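Colleague: Going down the list, the protein sequences come from chains A and V.
FYI, our numbering numbers position 172 of the first sequence as 180, with every residue one higher than the one before it.
FYI, our numbering numbers position 132 of the second sequence as 140, with every residue one higher than the one before it.
Heads up, some of the hints might be wrong.
Unchecked claim - Dumping the calculated EDC-like pairs for lysine to aspartate or glutamate here, alpha-carbon to alpha-carbon at most 16 Å:
hint: 1; chain 1: V; residue 1: Lys171; chain 2: A; residue 2: Asp112
hint: 2; chain 1: V; residue 1: Lys113; chain 2: A; residue 2: Glu65
hint: 3; chain 1: V; residue 1: Lys113; chain 2: A; residue 2: Asp94
hint: 4; chain 1: A; residue 1: Lys113; chain 2: V; residue 2: Asp112
hint: 5; chain 1: V; residue 1: Lys58; chain 2: V; residue 2: Asp40
hint: 6; chain 1: V; residue 1: Lys58; chain 2: A; residue 2: Asp56
hint: 7; chain 1: A; residue 1: Lys171; chain 2: V; residue 2: Asp87
hint: 8; chain 1: V; residue 1: Lys137; chain 2: V; residue 2: Asp94
hint: 9; chain 1: V; residue 1: Lys58; chain 2: A; residue 2: Asp176
hint: 10; chain 1: A; residue 1: Lys113; chain 2: V; residue 2: Asp87
hint: 11; chain 1: V; residue 1: Lys58; chain 2: V; residue 2: Asp79
hint: 12; chain 1: V; residue 1: Lys58; chain 2: A; residue 2: Glu65
hint: 13; chain 1: A; residue 1: Lys113; chain 2: V; residue 2: Asp79
hint: 14; chain 1: V; residue 1: Lys113; chain 2: A; residue 2: Glu106
hint: 15; chain 1: A; residue 1: Lys137; chain 2: A; residue 2: Asp94
Stated by the list, open to error - Far from chain V by the CB rule (all over 12 Å, computed), these chain A residues:
hint: 16; residue: Glu52
hint: 17; residue: Ala63
hint: 18; residue: Gln64
hint: 19; residue: Asn69
hint: 20; residue: Ile80
hint: 21; residue: Asp94
hint: 22; residue: Gly95
hint: 23; residue: Gly124
hint: 24; residue: Pro126
hint: 25; residue: Thr136
hint: 26; residue: Arg138
hint: 27; residue: Thr160
hint: 28; residue: Lys171
hint: 29; residue: Asp176
Read the hints as simulated data drawn from the structure, not as lab findings.
Quick caveat, the model's predicted, so the values are computed rather than measured.
Even glycine gets a Cβ: it sits at the ideal position worked out from N, Cα and C.
Protein chains: 2
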Amino acid sequence: MSEMRKLGAAALIASTLLFGVSAGLASSWTGDRASPIYGVELPEGYRDWKLISVAQENGRNNDIRAIVGNDIAARAFRDGTRPFPDGAIIVRLAWRYESSARNDKVFPAPQSFVAGAPTNVQVSVKNTKRYAATGGWGYGQFEDGRPNPDRTLAQSCFACHQKLEALDPGTDMVFTAYSR
Amino acid sequence: MSEMRKLGAAALIASTLLFGVSAGLASSWTGDRASPIYGVELPEGYRDWKLISVAQENGRNNDIRAIVGNDIAARAFRDGTRPFPDGAIIVRLAWRYESSARNDKVFPAPQSFVAGAPTNVQVSVKNTKRYAATGGWGYGQFEDGRPNPDRTLAQSCFACHQKLEALDPGTDMVFTAYSR
Chain A
9 MSEMRKLGAA ALIASTLLFG VSAGLASSWT GDRASPIYGV ELPEGYRDWK LISVAQENGR
69 NNDIRAIVGN DIAARAFRDG TRPFPDGAII VRLAWRYESS ARNDKVFPAP QSFVAGAPTN
129 VQVSVKNTKR YAATGGWGYG QFEDGRPNPD RTLAQSCFAC HQKLEALDPG TDMVFTAYSR
Chain V
9 MSEMRKLGAA ALIASTLLFG VSAGLASSWT GDRASPIYGV ELPEGYRDWK LISVAQENGR
69 NNDIRAIVGN DIAARAFRDG TRPFPDGAII VRLAWRYESS ARNDKVFPAP QSFVAGAPTN
129 VQVSVKNTKR YAATGGWGYG QFEDGRPNPD RTLAQSCFAC HQKLEALDPG TDMVFTAYSR
């Protein structure tokens with residue numbers, strides 16, 4: 009092995025170790041239950057958390073969604089507190105956006121869309137220390153209760169939320185506003 | 009005044025009194041805060057009740073909505089219990105269905121619809137005794153926290169929910185199913 013090759017191999021091993029260690033410290037990776045990069049888990053009882061608002065996405069998503077929050081997040085949403093305090097957790101549930109032929113028979117015109125099968129659940133956790141590199145937010149996407157292991161997907165969360173903040177400063181990278 | 013006319017007038021007065029009394033007994037009308045016919049009030053704390061599902065209506069309504077329930081209703085929804093037990097209260101919140109130009113600038117394609125200003129809140133209360141004449145359900149529609157006083161509107165609730173049950177027996181006249 010040439011000196012250059014040895015150096016290259018050593019650098020690769022060192023960077024892998026360093027990256028592995030820092031990623032481990034930053035995310036407290038817990039294997040099956042946590043999202044890649046951020047180590048975000050699906051919070052217990054989130055399905056019954058307080059409703060913040062609803063939304064609907066056409067295009068590739070084609071879903072109808074509800075945004076719920078834990079008590080810390082719900083209070084901040086209601087009071088308009090930005091940035092969100094540490095401990096705030098926002099969960100976005102989504103289901104297939106489906107036309108309801110049954111309801112349309114009851115209603116005066118074809119007009120009814122309802123929630124079909126669940127698509128995925130996205131979780132945002134506020135922790136300014138742990139997630140300092142990503143504006144204080146850690147992210148995870150879950151399907152059937154399990155985290156999606158795709159690192160590129162996990163990275164796309166911050167990229168998109170960051171884009172929002174650049175376009176509309178003061179949102180703390182959160183799309184949703186409280187619906188009264 | 010002819011005998012027929014006298015009889016007719018007496019019958020009208022009698023029926024008005026009877027209807028008035030029975031409506032009074034049945035609805036415990038409390039004036040400002042309760043819906044006509046049913047005497048349904050906006051339940052305290054409903055905004056933070058458990059989320060059942062979401063939906064969207066085009067046409068004249070043009071809204072996006074969330075259906076929430078008190079604990080009795082939420083349990084019945086989750087367990088698929090039909091008919092709903094007495095004490096179940098279902099609340100449907102709705103907001104203008106609005107395209108979000110801001111979100112569409114962040115997302116890869118124009119696709120985002122969000123909740124705008126609130127439109128109205130509809131409440132269904134299960135009480136098999138009190139609302140025996142309308143399948144056990146009492147109804148009310150509220151705008152800005154106040155009941156809509158239109159009796160025709162209040163009557164239309166039962167007409168529509170009854171139509172659902174005829175078309176799809178076993179729903180207990182409830183459109184919404186629980187979204188997991």
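Colleague: Against each hint, give a clear statement of whether it holds in the structure.
Modeller: Taking the hints in turn, this is what the structure says about them:
1. Under the criterion of a C-alpha separation no larger than 16 Å, the hint pairing Lys171(V) with Asp112(A) is consistent with the structure, at around 11 Å.
2. With a CA separation close to 14 Å, the supplied pair Lys113(V) and Glu65(A) stays within the 16 Å bound.
3. Proximity of Lys113(V) to Asp94(A) is assessed by CA-CA distance (about 28 Å); at most 16 Å being required, the pair is judged violated.
4. Distance check on the hinted pair: Lys113(A) and Asp112(V) sit about 33 Å apart at the alpha-carbon level, beyond 16 Å; violated.
5. This hinted pair does not check out: Lys58(V) and Asp40(V) have alpha carbons roughly 27 Å apart, beyond 16 Å.
6. As the CA atoms of Lys58(V) and Asp56(A) are separated by approximately 5 Å, the hinted pair is consistent with the 16 Å bound.
7. A threshold of 16 Å between alpha carbons decides the hint, and for Lys171(A) with Asp87(V) the separation of about 41 Å lies outside it, so the pair is violated.
8. For the proposed pair Lys137(V) and Asp94(V), the alpha carbon gap of about 9 Å is at most 16 Å, so the pair holds.
9. Between Lys58(V) and Asp176(A) the CA atoms are separated by roughly 31 Å; this puts the pair beyond 16 Å, and the hint is violated.
10. At most 16 Å may separate the alpha-carbon atoms for a hinted pair to count; Lys113(A) and Asp87(V) exceed this at roughly 26 Å.
11. At roughly 7 Å between alpha-carbon atoms, Lys58(V) and Asp79(V) fall within 16 Å of each other, so this suggested pair holds.
12. In summary, the hint linking Lys58(V) to Glu65(A) is not supported, as the alpha carbons are separated by about 23 Å, beyond the 16 Å threshold.
13. Straight-line distance between C-alpha atoms of Lys113(A) and Asp79(V) comes to about 30 Å, which puts the hinted pair past the 16 Å bound.
14. Of the pairs offered as hints, the one joining Lys113(V) and Glu106(A) is violated, with about 25 Å between alpha carbons and a cut-off of 16 Å exceeded.
15. Proposed proximity of Lys137(A) and Asp94(A) is supported: the alpha carbons are some 9 Å apart, at most 16 Å.
16. With a least CB separation of 15 Å from chain V, Glu52(A) remains clear of the 12 Å interface cut-off, as annotated.
17. For Ala63(A), the requirement that its beta carbon stay farther than 12 Å from each beta carbon of chain V is not met, with the minimum near 5 Å.
18. Against the 12 Å criterion, Gln64(A) falls within the reach of chain V, whose nearest CB is about 4 Å from its own CB.
19. Not every CB of chain V is more than 12 Å from the CB of Asn69(A) (nearest about 7 Å), against its label as outside the interface.
20. Remark: the non-interface label on Ile80(A) is consistent with the geometry, its nearest Cβ contact in chain V lying 14 Å away (cut-off 12 Å).
21. For Asp94(A), the non-interface assignment is confirmed: its Cβ lies about 22 Å from the closest Cβ of chain V, beyond the 12 Å cut-off.
22. For Gly95(A), the requirement that its beta carbon stay farther than 12 Å from each beta carbon of chain V is met, with the minimum near 18 Å.
23. A beta-carbon of chain V comes within 12 Å of the beta-carbon of Gly124(A); the shortest separation is about 9 Å.
24. Listed as outside the interface, Pro126(A) is inconsistent with that label: its C-beta sits roughly 6 Å from the nearest C-beta of chain V, within the 12 Å cut-off.
25. Once the 12 Å rule is applied to beta carbons, Thr136(A) is consistent with being away from chain V; the minimum gap is 23 Å.
26. Residue-level check passed: Arg138(A) sits 25 Å from the nearest beta carbon of chain V, beyond 12 Å.
27. Even its closest Cβ contact with chain V, about 15 Å, leaves Thr160(A) beyond 12 Å, as expected for a residue assigned away from the interface.
28. Non-interface call for Lys171(A) relative to chain V: violated, since the shortest CB-CB distance, roughly 5 Å, does not exceed 12 Å.
29. For Asp176(A), the requirement that its beta carbon stay farther than 12 Å from each beta carbon of chain V is not met, with the minimum near 6 Å.
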